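First to last, the protein sequences are chains G and Z. Position 386 of the first sequence, counted from 1, bears residue number 385 in numbering that gives the first Met the number 0, the numbering being contiguous throughout. Position 197 of the second sequence, counted from 1, bears residue number 196 in numbering that gives the first Met the number 0, the numbering being contiguous throughout.
Hints were generated in silico from the structure; no laboratory data involved. Bear in mind the structure is a predicted one, so any value in this text is a computation, not a measurement. Some hints could be false.
Restraint-style ranges between C-beta atoms, simulated for each label pair [as the list claims (entries may be wrong)]: (1) G:Asp129 to Z:Gly253: 52 to 58 Å; (2) Z:Glu436 to G:Gly347: 31 to 37 Å; (3) G:Lys110 to Z:Leu95: 39 to 45 Å; (4) Z:Glu249 to G:Asp410: 52 to 58 Å; (5) Z:Glu365 to G:Glu47: 53 to 59 Å; (6) G:Gly128 to Z:Lys137: 40 to 46 Å; (7) Z:Ile162 to G:Gly436: 26 to 32 Å; (8) G:Ala63 to Z:Arg425: 39 to 45 Å; (9) G:Glu264 to Z:Asp428: 47 to 53 Å; (10) G:Asp332 to Z:Ala145: 52 to 58 Å; (11) Z:Arg425 to G:Tyr330: 27 to 33 Å; (12) G:Glu182 to Z:Ile162: 56 to 62 Å.
All C-beta atoms in this analysis are idealised placements derived from N, C-alpha and C, irrespective of residue type, glycine included.
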Amino acid sequence: MKVNSPLEAYKFLPGTNCGRCGEDTCMAFASHLIDRSHKATDCLPMVEEDKFANKLKELEALLAPEIREVVIGVGEKAVKIGGDDVLFRHKLTFFNKTAYAYDVTDTMDEKELLERVNTIQNFKKFYVGDFLTLDMIAVRCVSGNPETFTAAVKKVMQATDLPMVLCSFDPAVLKASLEVAAEKKPLLYAATKDNWQEVAKLAKDYEVPVTLFAPNDLDMLKSLAKTFSEMSINNLVLDPGTFPTGRDLKTTFENFLKIRRAGIEGDRDIACPIMAVPLTAWMAYDDEISASYWETVLASVFTVKYGDIMIMHSIQPHALLPQLHIRDTIYTDPRKPVTVDPGIMEIGSPTADSPVIITTNFALTYYTVESDVSSNKVDCYIVVVDTDGIGVEAAVAGGQLTAAKIKKTLDDAGFDLKEKTTFNTVILPGLAARLQGDVEDQLGSKVLIGPTDSGRIPGWLETNWPPENK
Amino acid sequence: MSNKIKLADINKLFKDLDVESLEGVTIEGDIELNISGGGGLNPALAYALGHEAAQISLHIANISRMLGYPVDQLFAEGLGLVPSPATVAEPAIQNLIESKFEVAKIAEWNTPIEEITLGATSADGGSRKSTVTLGGEKAMPYYFDAEMPHRNYVTMDVFDIPISMAKTVKSNYEDVMEDPAEWAKKVVKDFNADMVTIHLISTDPLINDTPAREAAKVVEDVLQAVDVPIVIGGSGNPQKDPEVLERAAEVAEGERALLASASLNLDYERVAKAATDHGHAVLSWTQLEINAQKELNRKLMKQCNVPRDSIVMDPTTAALGYGLDYAYSNMERIRLSALMGDTELNFPMSSGTTNAWGARESWMKESPLKEDSDWGPREYRGPIWEIVTGLTLSLAGNDLFMMMHPTSVQVLKEITQTLFGSIESRPTDINSWVTAEV
Ligand code: B12
Ligand code: SF4
Numbered sequence: 000m001k002v003n004s005p006l007e008a009y010k011f012l013p014g015t016n017c018g019r020c021g022e023d024t025c026m027a028f029a030s031h032l033i034d035r036s037h038k039a040t041d042c043l044p045m046v047e048e049d050k051f052a053n054k055l056k057e058l059e060a061l062l063a064p065e066i067r068e069v070v071i072g073v074g075e076k077a078v079k080i081g082g083d084d085v086l087f088r089h090k091l092t093f094f095n096k097t098a099y100a101y102d103v104t105d106t107m108d109e110k111e112l113l114e115r116v117n118t119i120q121n122f123k124k125f126y127v128g129d130f131l132t133l134d135m136i137a138v139r140c141v142s143g144n145p146e147t148f149t150a151a152v153k154k155v156m157q158a159t160d161l162p163m164v165l166c167s168f169d170p171a172v173l174k175a176s177l178e179v180a181a182e183k184k185p186l187l188y189a190a191t192k193d194n195w196q197e198v199a200k201l202a203k204d205y206e207v208p209v210t211l212f213a214p215n216d217l218d219m220l221k222s223l224a225k226t227f228s229e230m231s232i233n234n235l236v237l238d239p240g241t242f243p244t245g246r247d248l249k250t251t252f253e254n255f256l257k258i259r260r261a262g263i264e265g266d267r268d269i270a271c272p273i274m275a276v277p278l279t280a281w282m283a284y285d286d287e288i289s290a291s292y293w294e295t296v297l298a299s300v301f302t303v304k305y306g307d308i309m310i311m312h313s314i315q316p317h318a319l320l321p322q323l324h325i326r327d328t329i330y331t332d333p334r335k336p337v338t339v340d341p342g343i344m345e346i347g348s349p350t351a352d353s354p355v356i357i358t359t360n361f362a363l364t365y366y367t368v369e370s371d372v373s374s375n376k377v378d379c380y381i382v383v384v385d386t387d388g389i390g391v392e393a394a395v396a397g398g399q400l401t402a403a404k405i406k407k408t409l410d411d412a413g414f415d416l417k418e419k420t421t422f423n424t425v426i427l428p429g430l431a432a433r434l435q436g437d438v439e440d441q442l443g444s445k446v447l448i449g450p451t452d453s454g455r456i457p458g459w460l461e462t463n464w465p466p467e468n469k
Numbered sequence: 000m001s002n003k004i005k006l007a008d009i010n011k012l013f014k015d016l017d018v019e020s021l022e023g024v025t026i027e028g029d030i031e032l033n034i035s036g037g038g039g040l041n042p043a044l045a046y047a048l049g050h051e052a053a054q055i056s057l058h059i060a061n062i063s064r065m066l067g068y069p070v071d072q073l074f075a076e077g078l079g080l081v082p083s084p085a086t087v088a089e090p091a092i093q094n095l096i097e098s099k100f101e102v103a104k105i106a107e108w109n110t111p112i113e114e115i116t117l118g119a120t121s122a123d124g125g126s127r128k129s130t131v132t133l134g135g136e137k138a139m140p141y142y143f144d145a146e147m148p149h150r151n152y153v154t155m156d157v158f159d160i161p162i163s164m165a166k167t168v169k170s171n172y173e174d175v176m177e178d179p180a181e182w183a184k185k186v187v188k189d190f191n192a193d194m195v196t197i198h199l200i201s202t203d204p205l206i207n208d209t210p211a212r213e214a215a216k217v218v219e220d221v222l223q224a225v226d227v228p229i230v231i232g233g234s235g236n237p238q239k240d241p242e243v244l245e246r247a248a249e250v251a252e253g254e255r256a257l258l259a260s261a262s263l264n265l266d267y268e269r270v271a272k273a274a275t276d277h278g279h280a281v282l283s284w285t286q287l288e289i290n291a292q293k294e295l296n297r298k299l300m301k302q303c304n305v306p307r308d309s310i311v312m313d314p315t316t317a318a319l320g321y322g323l324d325y326a327y328s329n330m331e332r333i334r335l336s337a338l339m340g341d342t343e344l345n346f347p348m349s350s351g352t353t354n355a356w357g358a359r360e361s362w363m364k365e366s367p368l369k370e371d372s373d374w375g376p377r378e379y380r381g382p383i384w385e386i387v388t389g390l391t392l393s394l395a396g397n398d399l400f401m402m403m404h405p406t407s408v409q410v411l412k413e414i415t416q417t418l419f420g421s422i423e424s425r426p427t428d429i430n431s432w433v434t435a436e437v
C-alpha cells in the first residue's frame with residue numbers, strides 16, 4: 000500500500016460526509032481504507048459519479064497491497080493468495096491465508112486417486128464457530144505422458160471443485176491438460192529457466208496463473224518474474240525451491256525472508272506470492288511418520304514465514320490438524336475482537352428439565368462449549384457471561400467471571416431460574432470451581448461443578464444430571 | 000537499440016497527449032535515463048503514444064509506477080479505452096531480461112540480546128560438566144542479517160511427585176516417576192536434554208505442602224544425578240514459592256541455576272535476592288503482556304539489582320489453537336523492540352512449551368465433535384502439537400524450551416539446529432520432486 004495515513008487517503012474522497020459508506024465521515028472511511036477493512040469502491044458516490052472516476056482509479060492503485068494478489072480456481076472454492084503489506088502480523092494483519100494443496104499423481108489407479116481427492120475435500124475440523132478445511136489438489140505428472148496426465152486431471156475435475164495445481168515441467172503435458180482444464184483457472188507448475196518461453200505462451204494463451212521455479216537462484220527467479228511481467232503475465236507465484244534438510248533448508252528459509260522483504264520494501268518485480276513444497280520431506284525420509292512429521296514441520300515454518308501456497312503429501316490427521324491450526328494462528332486478525340454476544344443461548348430444544356451451563360463470551364471458549372454440547376445432541380441453556388472476551392481460567396483470575404456477573408447475565412435476559420427450570424441448578428466450569436459458594440449465595444440456586452474440559456460435559460451429564468435432590 | 004531520454008522530454012511527451020487524468024502526475028528533474036528497446040509494451044500506452052514512442056512507453060510507466068502513480072489506469076481511462084489484455088497480442092520475448100536480486104539488511108536492529116550463561120563448571124565454582132549460553136542475537140532468529148551466536152536449548156521437565164499427564168507422555172516416564180533423580184538421569188541420558196527443570200510442585204499447600212527444606216533435598220539429588228545445568232521451579236503458589244526458591248537457591252549455590260520464577264503476583268524481591276545471593280539467574284515470568292514484562296524486568300534490575308546477565312524472560316506460552324497467536328506475536332514484538340533498542344526487553348526468552356499438552360487435540364482420544372473428521376491416533380497427534388507450538392515460538396525469538404515428550408524434543412532440536420545452520424543436508428534432488436515416487 001502506497002498511502003500510510005488516513006489523511007493521505009482522505010484527499011481522494013469526495014469529502015461530503017454523506018454517510019453512504021456506513022461511516023459518519025469521509026475521514027472515518029479513510030482510516031478503514033488504511034486498515035483495509037473497507038475498499039475504495041465502498042464509497043458509492045465515487046463509483047457512481049463520473050467526475051470521481053479518476054480519483055477512484057488513482058486511489059485504488061495507491062491502496063493496492065505491496066504483494067500481488069493471485070486468484071487460483073473459479074467459483075466458491077477459488078483461492079486468493081498474496082496481498083500482504085507487512086512483514087510482521089502485529090503491524091496490521093496477514094491477508095489471504097496460505098493455500099494448502101495436497102498431491103495426487105497420474106499414475107495412481109482411479110480408486111486410490113478418488114479416495115485421496117475425497118479425503119482432501121471432505122477433511123474438516125471445527126474451530127471457533129467454523130470448520131477449518133483444506134484448499135487445493137496438486138496433480139503431479141509422474142507418467143510423463145500428456146494423455147495419461149490429462150485423464151487424471153479430468154478425473155480430479157469430475158470429483159471436486161477444489162482448485163488445482165497442474166505439475167509438470169513439460170510444456171506439452173501442461174498444454175494437453177489445459178485443453179480440458181483451463182476454464183477452471185488452475186495454477187501452472189512450473190516455468191523454469193529451460194522451458195519458460197513455452198510455458199509463458201501457455202499462461203498467456205489460456206489465461207491461467209503460473210509458478211516460476213528457480214531453485215536457490217534468486218537472480219534467475221527475479222529475471223523470470225520480470226520477463227513474465229513485461230509480457231503482461233502478472234499472475235505469478237514464485238518457487239525458490241524447498242530443500243528439505245540441513246543447511247540447504249536454512250538457505251531456503253533465508254530465500255523466503257529475502258523475497259518477501261524485498262517485495263514489501265518495494266521491489267515490484269519480486270513482490271509476488273511465494274510457494275513452498277514441504278512434500279520434498281518425503282524425498283529425504285523413507286519412513287512414513289518421520290516424513291509426515293518433517294513435512295508438517297516444514298509446512299509450519301513456511302506458514303509462519305511467508306509461504307502463500309504450499310504442496311504437501313501426507314493426508315493423515317496428525318499432519319493435517321496442526322497444519323490447519325498453525326495457519327489459523329498466523330492468519331487470525333490480531334485486531335479483531337474475539338468475543339461473542341453475551342446472553343442466554345438455547346441449544347437444541349431445552350425444556351425446564353435441561354441443564355443450565357455457565358461460560359464466558361471469549362469466542363474460543365464459547366464455540367468450544369457450544370459445539371461440544373450441540374454435536375452430542377445435548378439440549379441445554381448456555382449462559383454466556385460478558386467477560387470482555389477472556390476465557391474461563393484467566394477470567395476467574397482476572398475478576399471478569401464473578402457471581403455478580405453471572406447474576407447480571409441472567410437478570411438482563413429475564414431468566415428466572417426458579418420459574419424457568421425444574422431443578423434451580425446451574426453448572427459451573429471445572430476451572431471456575433472456586434466461585435461455587437458465591438454463585439450459590441447470589442443466585443439462591445444450587446451449583447454443580449462440571450469437568451475442566453467441556454468435551455467431557457456429555458459424559459459427565461450422564462451420571463450427574465438430573466441433579467439428585469430436586 | 001538504446002536511447003537516451005531526459006525526464007523533461009517525457010514531460011513534453013505527456014503534455015502533447017492532453018490526457019486530463021494525468022493531473023497529479025508531475026515528473027520533475029532532469030535525470031537522464033538509459034532506455035533499451037525490445038521489451039514488451041502496454042497496449043494502452045502504445046496506442047496512446049503512437050508507434051515511435053512505443054518502446055519507451057513501458058519504461059515511462061515503470062518510472063511512474065516507481066514514483067507511485069497508477070499510470071496504466073490513467074492512460075486507459077483518459078483515452079476511454081480499457082482493452083482486455085486477451086484481445087491484444089503481446090510480442091513474445093526471446094531472451095530473459097536478466098535481473099539481479101538485491102535486498103538490504105535491516106539497519107534498525109542495532110541492539111544485541113544479552114548473553115546469559117546457565118550452569119557452572121568446576122572452573123567457576125560449580126559441578127556441571129557443561130554450560131548453556133542463551134541470547135546474544137543481533138537479528139530475528141535464523142535471519143541472514145546477522146549470525147546467531149548460540150543455538151536453542153531444551154530443558155526437560157521433571158516433577159518431585161508423580162503427576163497426572165497425557166497418556167502419550169506418561170508412557171515414557173512410568174519407570175521413573177517416583178524418583179526425580181532417576182527421572183532427571185533419564186531425560187539427559189536417553190532423551191538428550193540439554194538441561195533439566197525440577198518442578199517442586201509438591202510444595203503447594205493444596206498438594207502435599209512439602210516443607211521448603213525437604214524440597215531443597217530433591218534439588219540436591221537432581222544436581223547429584225546429572226551434570227547439566229538446571230532450572231528450579233516452584234509450585235506456582237505465590238505465597239509458598241519465594242520460600243521454596245530461597246531454600247533451593249541455597250543448596251544449589253555456585254551451580255548457576257535458573258530460578259523459576261519471579262512474577263508480579265508474588266514477592267519477586269525475595270526470589271531475586273535468592274538468585275543474586277547465590278549466583279543464580281532468574282526467570283522473569285509475565286502473562287502475555289509486553290508492558291507487564293517491561294515492568295517486571297525494570298523492577299528486577301532497578302529495585303532488586305539483578306545483573307543484566309542474569310535475567311531470562313518467560314512471556315507465557317499458549318498452545319497451538321489455544322492462544323498461540325497471542326503468544327507468538329507477544330514474543331515477536333518483545334524481540335523486535337529489544338533489537339531496536341529497548342533495553343528493558345533485550346533478554347533471552349524461555350517457553351513453557353509443555354503447555355501444548357493442555358490442548359485437547361494433543362491428548363484426547365478422539366474428537367468430541369461428531370462433525371469433525373477422524374483425528375487419528377493421539378500417539379502421533381500429541382508430540383507434533385508440542386513441536387509446532389515450540390517451533391512457532393522459535394521463529395518469534397524464543398531461546399530456551401521447557402518440554403516433555405522425547406520425540407518432540409528430538410524433532411524440535413532438529414529443526415531449530417537446522418535453521419541455526421549446524422546440520423548437514425541430505426542430498427535431495429528437488430528438481431525432480433514433481434515425478435518423485437513418495
Ligand atoms: C491466553 C491466556 C491469557 C490471555 C487471555 C486471552 C483470552 N481472550 O482469554 C491473556 C493474555 C489476556 C491472559 C491474561 C491473564 N491471565 Co492468562 N492465560 C492464557 C492461557 C495461556 C490460555 C487460556 C485459554 O485461552 N484457554 C483456552 C480456553 C478455550 O479455555 P477455557 O476458557 O478455560 O474453556 C475450557 C474449559 O474451561 C471448559 N469450559 C468452558 N466453559 C465451560 C462450562 C462448563 C459448564 C464446563 C463444564 C466446562 C467449561 O471447556 C473449555 C474447553 O476446554 C492460560 C494458560 C494455559 N492454560 O495454557 C493462561 C492462564 C489462564 N492465565 C492466568 C492468569 C493468572 C492470567 C492473568 C491474571 C495474569 C496477570 N497477572 O495479569 C491475566 C488476567 C487477564 C484478565 N482476566 O483480564 C492463569 C490462571 C491461573 C489460575 N488458575 O488462576 C493461567 C492458567 C496461566 C497460569 N498457569 O498461571 N491470559
Ligand atoms: S460514502 Fe464516500 S463521500 Fe460518503 S461519507 Fe463515505 S467516504 Fe465520504
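Structure-based check of all given hints:
Look at G:Asp129 against Z:Gly253: about 55 Å separates their beta carbons, and that is inside 52 to 58 Å. Z:Glu436 and G:Gly347 have their C-beta atoms about 50 Å apart, which leaves the hinted 31 to 37 Å range violated. Here the CB-CB span from G:Lys110 to Z:Leu95 is close to 44 Å, well matched to the stated 39 to 45 Å. Range check, Z:Glu249 to G:Asp410: Cβ separation about 54 Å, and the 52 to 58 Å hint holds.
Distance hint check: the CB atoms of Z:Glu365 and G:Glu47 are about 55 Å apart, consistent with the given range 53 to 59 Å. Between G:Gly128 and Z:Lys137 the beta carbon distance is about 42 Å. The supplied range of 40 to 46 Å therefore holds. The supplied range of 26 to 32 Å is met by Z:Ile162 and G:Gly436, whose beta-carbon atoms lie about 28 Å from each other. About 41 Å separates the C-beta atoms of G:Ala63 and Z:Arg425, a value consistent with the hinted range of 39 to 45 Å.
A hinted range of 47 to 53 Å is violated for the C-beta pair G:Glu264 and Z:Asp428, which are about 33 Å apart. About 31 Å separates the C-beta atoms of G:Asp332 and Z:Ala145, a value inconsistent with the hinted range of 52 to 58 Å. For the hinted restraint 27 to 33 Å between Z:Arg425 and G:Tyr330, the CB-CB distance of approximately 31 Å keeps it satisfied. As the Cβ distance of G:Glu182 to Z:Ile162 is approximately 59 Å, the hint placing it in 56 to 62 Å holds.
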